[in-house]
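Next come the chains, spelled out residue by residue.
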Amino acid sequence: MQEIPLHQIDNFLLLLKWAHQKGFEIAEPHIMEPLRLYYGRKDDHVHDDLYKNLEAQKKVKEWRIVSNIYKHIFHVLSFEADHHPLFKMLGAFLIDLQSEPALRKTTFTYEFFKAYEHPLKNLQSVVSKEVMTGIQEVFESHDDVHVVVSHNLTTNQRELLNAEARELYNKIELAYARGDEANLSYLLAQFTGRFCNFPEVKYRDEVDAMIMKIAENNGAFKQDMRSRLAVRLFQSIARSAEKMDIKTAVRGITTYIITFQDDLSLPYREELDHIEEKMYHFIQQHNLWHRVKLNTSNSRPQVVRS
Amino acid sequence: MSIRVSKRNTEKDSIFQLEGRLDTAGSAILKLELDMATQNPAGNIIIDMSKVSFISSAGIGITVKAQSILKPKGFEVRVAAPTEEVKKVYDLLGFSHVVKIFPTLNDALKA
Chain A
257 MQEIPLHQID NFLLLLKWAH QKGFEIAEPH IMEPLRLYYG RKDDHVHDDL
307 YKNLEAQKKV KEWRIVSNIY KHIFHVLSFE ADHHPLFKML GAFLIDLQSE
357 PALRKTTFTY EFFKAYEHPL KNLQSVVSKE VMTGIQEVFE SHDDVHVVVS
407 HNLTTNQREL LNAEARELYN KIELAYARGD EANLSYLLAQ FTGRFCNFPE
457 VKYRDEVDAM IMKIAENNGA FKQDMRSRLA VRLFQSIARS AEKMDIKTAV
507 RGITTYIITF QDDLSLPYRE ELDHIEEKMY HFIQQHNLWH RVKLNTSNSR
557 PQVVRS
Chain B
69 MSIRVSKRNT EKDSIFQLEG RLDTAGSAIL KLELDMATQN PAGNIIIDMS
119 KVSFISSAGI GITVKAQSIL KPKGFEVRVA APTEEVKKVY DLLGFSHVVK
169 IFPTLNDALK A
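Quick note, the sequences are listed as chains A and B, same order.
With positions in the first sequence counted from 1, the corresponding number in my numbering is that position plus 256.
With positions in the second sequence counted from 1, the corresponding number in my numbering is that position plus 68.
Don't take every hint at face value.
[Stated by the list, open to error] Below, in silico cross-link-like pairs of lysine to aspartate or glutamate (DMTMM-like), each with a Cα-Cα straight-line distance of 25 Å or less:
id: 1; chain 1: A; residue 1: Lys478; chain 2: A; residue 2: Glu533
id: 2; chain 1: B; residue 1: Lys156; chain 2: A; residue 2: Glu393
id: 3; chain 1: B; residue 1: Lys156; chain 2: A; residue 2: Glu527
id: 4; chain 1: A; residue 1: Lys377; chain 2: A; residue 2: Glu259
id: 5; chain 1: B; residue 1: Lys156; chain 2: A; residue 2: Glu533
id: 6; chain 1: A; residue 1: Lys503; chain 2: B; residue 2: Glu153
id: 7; chain 1: B; residue 1: Lys139; chain 2: A; residue 2: Glu367
[To be verified] Which chain A residues face chain B? A few, computed with CB under 7 Å, are given here:
id: 8; residue: Gln517
id: 9; residue: Leu522
id: 10; residue: Glu532
id: 11; residue: Lys534
Hints are computed from structural coordinates only; laboratory data are not their basis.
This one's a predicted model, so the numbers in the text were calculated from it and none came from an experiment.
Think of the CB as a built atom: it goes at the ideal place given N, C-alpha and C, for glycine as much as any other residue.
Produce the complete structure using the sequences and hints provided.
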């Protein structure tokens, strides 16, 4: 059975979280209804101890059985009036998928992603529209240019970031030593996305070197890692723009260009165009070009062939 | 279509004249041309951006990539006559140090 790519799982998780925040109106048509269509009718059987059994099978790593138990749980929950329990279990399933290659290859997992293929595309376009509208409104309504160009870390903030970087880097080393590729690509993308806007944070060089080393001999890892990273970087840029932290958004875009160069097939490319257009227009309107520019004397982009 | 690309060759250089937006959709069109032009280059690649109304990270990314391929072969990508805003975006993101920018097409040809 074909293995579901990790970046698809990541994206599903993101959309699931977003739909959960938006409540029943979004959850019902985009998340619950596709499952109801997949199952056809309500499950009237009584399933005792499904949850207990799920945990037991996870412990013994019987991933085909785990997959079938999830299938039963979703069947029951997708017909319930309250969407919260279903979302909780969908989240758990997706997190398990991130870490377990065997679970990513089961028949149910394949069918599950097939069932959500179009609903997720629709949900994606709803999310994109909302993000873009939100950013447009922010740029159109904002005049306080003093807020948007401030970007200096205090000593305390720097120490906290370095501690966070160390913790994450320790996990990366552990995953590397274990040869746990799924977790490793997740952690590397997480590290790069989290700290891309903070060149002063420690372990960045070590992480970059590790990515280069692994990607050199493993094309699939490289592609998966890139897609995961693209989503994280986009999120980071969009969040900075929403907060009117333009300097941070600019740094994120520079990192994006260095990392992905001419790869136009990545997720959220068109959304990024839209953010950039609104942002450059805002910078032009307020004549901020020099104030938000990267300090290129000590952080000139280093471009290497990817 | 967001961009129109026309190409002509001088004795050694290739000149691409662009008209429109160099966003993701426009960059995909230019990328096809640049991929071919960077395979066996006989000279520099000059991209006339005098009629480009908008450039995003996608457009900058493909010029940066083309530059990284050409440079080891002894040639370079030159951006010619960009509009004020396009030039400012290259500057803002720090890539006017990676891809050379010239005020006119003539300057790019003579350099």
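(request) Quick one: which hint numbers does this structure break? Sort them smallest to largest. (result) As far as the earlier hints go, 1, 7, 9, 11 are violated by this structure, in ascending order.
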